[in-house]
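J.: With chain A held as given, fit chain B onto it using these hints.
There are 2 protein chains.
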Amino acid sequence: MKNFNYSIPTKIFFGKDQINALPDQIKKYGTKVLLAYGGGSIKKIGLYNKVIKLLKDNDISFFELSGIEPNPRITSVRKGIDICRENNIDLVLAVGGGSTIDCAKVIAAGISYEGDAWDIVLDPSKIKSVIPIASILTLSATGSEMDTGAVITNIETNEKLGTGNPEMAPKFSILDPTYTFSVPKNQTAAGTADIMSHIFEVYFNNTEGAYIQNRMAESILKTCINYGRIAMDEPENYEARSNLMWASSLAINGLLTYGKETNWSVHPMEHELSAYYDITHGVGLAILTPAWMEYVLDDNTVDKFVEYAINVWDLDRSKEKYDLAKEAINKTREFFISLDIPTTLREVGINEEKLEEMANQSVRIRKTIGNFKPLNAEDVLNIYKAAL
Amino acid sequence: MKNFNYSIPTKIFFGKDQINALPDQIKKYGTKVLLAYGGGSIKKIGLYNKVIKLLKDNDISFFELSGIEPNPRITSVRKGIDICRENNIDLVLAVGGGSTIDCAKVIAAGISYEGDAWDIVLDPSKIKSVIPIASILTLSATGSEMDTGAVITNIETNEKLGTGNPEMAPKFSILDPTYTFSVPKNQTAAGTADIMSHIFEVYFNNTEGAYIQNRMAESILKTCINYGRIAMDEPENYEARSNLMWASSLAINGLLTYGKETNWSVHPMEHELSAYYDITHGVGLAILTPAWMEYVLDDNTVDKFVEYAINVWDLDRSKEKYDLAKEAINKTREFFISLDIPTTLREVGINEEKLEEMANQSVRIRKTIGNFKPLNAEDVLNIYKAAL
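Going down the list, the sequences are from chains A and B.
Counting from 682, one number per residue, gives the positions in the first sequence under the working numbering.
Counting from 682, one number per residue, gives the positions in the second sequence under the working numbering.
If we strip away everything but chain A, and leave its shape as in the complex, we get (with noise of 0.2 Å):
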């Protein structure tokens, strides 16, 4: 196990009605407030008029900016930015999901930078100071909620960069399950489907000794698999969508990654997809997943592999190491293919024209990604052909 120090400081209110903790909140950050949000899914479900109703209520002033996008882009973040400027808020408050959210934190911190706010994404040590941020979440995916990170794209650039803070950590975060009943079902299995991502960046991994990570990031994977499809089939279904919130939450919020040496894989070539084709985050780490794992599996990645097959897929230990490890992926893209997201690349648009562009893009930062088994552009190539 690795040294690490360990800080999660938000807050969280967990569970049906905890929107009546806002007000007393907020209050204690001040009093002006940029609300944050994206489409009309918040005024569909009432949230927007009830969170409206209790900032008039208590006498909490606000500024609106609303249509931040899925992908959340880099223009949305500089009119919030002005916003702020103007107005001189306290805290910028996100109602939605983690798209919602990382635009929020990176407008926060952007609001003390003196340049553009594109330069804190390429180089998060330009972050000097960010205001608070808290959120109300409306979606189980990106763990946005409750972590320093943001992610952020620019159209202009092809570009989607992650960038954070230790300041990035919301204050608070607002977690009723009962925001997700309307999520429709493509949104929670692409959501589900993040979770597990964020897990197995760091489950897949190196470090020896890590034992109590492993297993407890075991537990949220079976988690995910318990409660995935049954969201999607009940969408009312309190003990899923609490599950699957909480999940969210502790997937990324250091948790599972205090004491290993991590270094994610995944993400990066699934974030060139989004960048190039604007397609749903969870979706494309779906698609990616099952052939990145087959792609590393080699004698240096299989015991983790087995160890996976065994813990999480309940599989028969006796069997053969390789066999372990590749019925175990094959469980895996099976869950996925359970959950009625497309397994190739094709099914959502994507030929091979850019592939190579793509590869290119994802490793121009660091030479490779990953450390569980680095990747060069070739290898990164090689898995998005593999997943066509």
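Hints were generated in silico from the structure; no laboratory data involved.
Among the clues, some could well be false.
[To be verified] Here are the computed lysine to any residue pairs in the SDA-like style, where the Cα-Cα straight-line distance is at most 20 Å: (1) A/K683 to B/E889; (2) B/K985 to A/E920; (3) A/K683 to B/E848; (4) A/K1066 to A/E1038; (5) A/K985 to B/N907; (6) B/K692 to A/N686; (7) B/K683 to A/I700; (8) A/K683 to B/E917; (9) B/K852 to A/K985; (10) A/K697 to B/E889; (11) A/K709 to B/P690; (12) A/K709 to B/E848; (13) B/K708 to A/N686.
T.: Relative to the frame of chain A, chain B by itself:
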């Protein structure tokens, strides 16, 4: 899953040589420290000198409270409070195991309380303010390094009682597994049993739909089972010591409890044993746990034991329910035996004499203890007798 408000603010500096973080962290809160510790063990391993040097080199003044007992006594708390009041202490730094940290917590909470410190043990609602607390952990067991509770003994009244307050969570804790290398076999065993008991107290529970919490609980139980004996046989095995140390914190920091309605059973029964006979807490827990499990096993609880049998002990799921449950309980008992822990009360010098008095004492505050299967005085007496 129940609603919950999650807040785990303690920062953890985990790993070898993390002690170097001490001066900067203390200075966030002031420059006058009460250094609280137990016997000579921190001197024997050189930790005392290291702490003293770091404090002196960084112009942090300190006053000492030594001799804190294994079941920390209210008399030590009173002494600590006096020193803090006389010297206007900014932070209480506990260096030791759970007993030392518990004592430090009640000192920090008692400074501003005008009456006798035993009052705030009897009635935690009397705690109004708590000065900052920090810890350097030397024993993996109680989890006090990352939680909000403390257990204090009053020898005059034969009482051992828990108290707590959100502000009693340490501001930071330094967890260096090498400080536990010198922990003797019997204390390593008792600590492991204590960690497992904290998990059992919340795992054997009737809250519906807390799937993710149950799987995480199993993952930490597996960690204890995997490393308990190894740490005894190879005291300087860093992997074993680090996994047990992190397990001790995660077992009780709230992670496994949030979303559940919990009410402990075995701890309140054991507290009477420790209060009357001053036995090692973890040994008392290990003796009582299998007897308690057998006593509460019935048609309402058997499914939970089946879950435990399959997910923790990998038992054959095709077997009959009660067979699985009983086999899992036997596995639990055998595990404690494999750690060389006594299995009966007689072995630790407890006979029939005071069983009834202790049973009555255990339920004097609430009429019953536990909510998995509520126990009255007669039930407790039966469990004591079964463990005799």
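J.: Confirm or reject each hint.
T.: To see whether the hints hold, each was checked on the structure:
1. For the hint linking A/K683 to B/E889, the alpha-carbon distance of about 36 Å lies beyond 20 Å, and the restraint is violated.
2. Of the supplied pair hints, the one linking B/K985 and A/E920 holds, its CA atoms being roughly 18 Å apart against a limit of 20 Å.
3. Taking the CA atoms of A/K683 and B/E848, the gap is near 29 Å; set against the 20 Å cutoff, the hint is violated.
4. With a C-alpha separation of about 13 Å, the suggested pairing of A/K1066 with A/E1038 holds against the 20 Å cut-off.
5. Straight-line distance between C-alpha atoms of A/K985 and B/N907 comes to about 18 Å, which keeps the hinted pair within the 20 Å bound.
6. At most 20 Å may separate the alpha-carbon atoms for a hinted pair to count; B/K692 and A/N686 meet this at roughly 7 Å.
7. Between B/K683 and A/I700 the alpha-carbon distance is near 15 Å, which keeps this suggested pair within the 20 Å criterion.
8. Taking the CA atoms of A/K683 and B/E917, the gap is near 16 Å; set against the 20 Å cutoff, the hint holds.
9. A C-alpha spacing of about 36 Å is found between B/K852 and A/K985, which places the hinted pair above 20 Å, so the restraint is violated.
10. Straight-line distance between C-alpha atoms of A/K697 and B/E889 comes to about 15 Å, which keeps the hinted pair within the 20 Å bound.
11. Between the alpha carbons of A/K709 and B/P690 the distance comes to roughly 16 Å, so the proposed pair stays at or under 20 Å and holds.
12. For the hint pairing A/K709 with B/E848, the CA-to-CA distance comes to about 17 Å; that is within 20 Å, so the pair holds.
13. Of the supplied pair hints, the one linking B/K708 and A/N686 holds, its CA atoms being roughly 17 Å apart against a limit of 20 Å.
Violated hints, in rising order: 1, 3, 9; the structure is consistent with all others.
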